[in-house]
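Heads up, the sequence shown is in this note's numbering, so the first residue is 247 and it goes up one at a time.
One should not assume that every hint holds.
Calculated cross-link-like contacts (lysine-lysine; reagent style DSS-like; alpha-carbon spacing at most 30 angstroms) [stated by the list, open to error]: (1) 285 to 260; (2) 501 to 490; (3) 501 to 525; (4) 525 to 248; (5) 248 to 511; (6) 525 to 552; (7) 525 to 375; (8) 552 to 375; (9) 260 to 284; (10) 552 to 490; (11) 260 to 490; (12) 538 to 248; (13) 248 to 501; (14) 501 to 538; (15) 525 to 511; (16) 490 to 538; (17) 538 to 552; (18) 511 to 538; (19) 552 to 511; (20) 538 to 525; (21) 511 to 501.
Per label pair, the in silico range of CB-to-CB distance [stated by the list, open to error]: (22) 464 to 273: 26 to 36 angstroms; (23) 612 to 560: 14 to 24 angstroms; (24) 564 to 280: 38 to 48 angstroms; (25) 563 to 592: 12 to 22 angstroms; (26) 376 to 270: 45 to 55 angstroms.
Rather than coming from a laboratory, the hints here were simulated on the basis of the structure. From a predicted model like this one, the values you see are computed outputs, not experimental measurements. Where is the CB? At the ideal position from N, CA and C, for every residue including glycine.
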Amino acid sequence: MKFETISVHTGVDKDDSYNSVTTPIYPTCTFAFEELEKKRRGYDYTRTMNPTRKALEENLAALEGGIAAWATCTGMAAETATMFLFQQGDHIITGRDIYCGTYRMFERCFQQFGLQFSFVDMGDPDQVKQAIRPETKGLWIETPSNPLLNLIDIAAMTEIAHEHNLLTIADNTFLSPYFQRPFEFGVDVIIHSTTKYLNGHSDVVGGAVIVNREDLAERVFFYVNGLGLGCSPFDAWLVLRGVKTLAYRMEGHQKNAMLLAEYLKQHPAVTRVYYPGLKNHPQHELACRQMKGFGGMLSFELDVRKVQPRDFFARLELFPLAESLGSVTSLIEHPWSMSHVAMSEDARREAGISESTVRVSVGLENADDLIADLDQALV
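Construct the complete structure from the given sequences, taking the supplied hints into account.
Below, the structure is given as structure tokens:
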């Protein structure tokens with residue numbers, strides 16, 4: 247089946263009693279055993295497994311081309327589950343311009359338990375190779391990066407990983423499986439914040455871990471269950487509802503993002519636009535090679551000699567000043583003071599983030615209206 251059909255039909259037919267054409271919500275914490283040591287269809291307790299959550303997991307695994315998936319209560323819960331695949335003393339290499347929540351988790355949470363991290367420019371494979379130590383066990387790949395849309399050559403990273411027996415984990419949140427499928431380039435684990443494009447409506451938080459190896463499936467299941475990281479049945483139902491329109495939403499996000507990027511590129515109050523779909527993006531060729539599309543995220547730099555960020559944000563009418571992304575509603579934010587403020591000032595500057603950086607999650611409004619709003623705010 248094609249992507250759109252998988253999105254609509256996988257994980258749906260769960261109602262043997264009434265043949266509902268949508269997946270039912272099973273808001274129960276526990277399930278009765280048929281008799282001693284005999285569960286009905288393997289369900290006993292919702293922390294371990296729930297039919298609604300299982301339906302979403304079947305859908306996500308199919309969309310990414312994996313063998314199994316787990317839907318978690320947040321995107322950070324998905325990341326937490328994957329970090330338990332490592333042991334005390336292990337070293338993980340990742341990008342210096344990753345999502346701030348990931349950076350904070352690595353630096354402030356897991357380092358105290360003996361994990362080690364190196365933050366490098368993963369766009370340069372030589373830097374990754376130079377960072378490898380005897381204790382290196384993993385590569386954490388975020389592409390495109392948040393918020394500057396830098397790309398990482400996934401195939402080059404997995405080639406390095408295979409040479410050194412490293413586990414590869416890819417955050418595919420920005421593009422979704424519709425525009426990018428990391429398993430096709432040799433990645434071992436894919437994570438998502440389902441809060442974003444997979445759900446797409448700013449009404450739920452969630453995450454997902456997807457694997458394509460049986461040995462990893464057993465371990466991830468153990469940690470998601472043992473740590474209590476699974477999402478609620480209702481949240482799973484919301485994401486499963488959102489996934490049904492994923493393909494069409496992603497096409498709309500991309501169309502609008504390209505129009506906004508082209509507009510911003512020529513605006514005198516904008517000094518630089520970060521969007522892989524632009525032909526002058528330094529990694530446009532790589533984007534065309536490993537991505538089916540360019541996504542709905544873009545960032546740009548304001549010319550502070552012409553407009554101050556505070557004034558620009560205050561004048562906007564259609565873009566809520568808000569964190570998060572991937573919604574049908576366009577969202578705009580200031581990474582320096584909002585989404586990436588937990589990083590030190592030095593770390594933000596090293597990542598390329600400045601006080602003039604603006605990040606936009608382009609929604610599904612009419613692009614002419616969005617451009618008109620930007621135009622009146624960039625004065």
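Distance restraint evaluation - residue 612, residue 560, Cβ atoms, bounds 14 to 24 angstroms
23 angstroms, holds
Between residue 376 and residue 270, does the beta-carbon spacing fit 45 to 55 angstroms?
53 angstroms, holds
For residue 538 and residue 552, compute the direct alpha-carbon distance and say whether it is at most 30 angstroms.
This hinted pair is violated, its Cα atoms lying about 36 angstroms apart.
Verify the proposed pairing of residue 490 with residue 538, using a straight-line Cα cut of 30 angstroms.
19 angstroms, holds
Do residue 564 and residue 280 keep their Cβ atoms within the hinted range of 38 to 48 angstroms?
55 angstroms, violated
Residue 248 paired with residue 501 [C-alpha distance capped at 30 angstroms]:
The hint holds at about 21 angstroms.
Is the Cα-Cα distance between residue 511 and residue 501 30 angstroms or less?
16 angstroms, holds
Keeping to a limit of 30 angstroms between CA atoms, is the pair of residue 248 and residue 511 held or broken?
35 angstroms, violated
What's the verdict on residue 501 and residue 490, does the C-alpha distance respect the 30 angstroms limit or exceed it?
At roughly 19 angstroms apart (the allowed maximum being 30 angstroms), residue 490 and residue 501 satisfy the hint.
Can the restraint linking residue 525 and residue 552 be considered satisfied, given a maximum Cα separation of 30 angstroms?
With a Cα-Cα distance of about 26 angstroms, the restraint between residue 525 and residue 552 holds, given a limit of 30 angstroms.
For residue 563 and residue 592, compare the CB-CB distance with the range 12 to 22 angstroms and indicate the outcome.
Violated: the Cβ-Cβ distance is about 36 angstroms, outside 12 to 22 angstroms.
Does the structure keep residue 525 and residue 248 at a Cα separation of 30 angstroms or less?
29 angstroms, holds
Hint compliance for this structure: hints 5, 8, 10, 17, 24, 25 are not met, and every other hint is.
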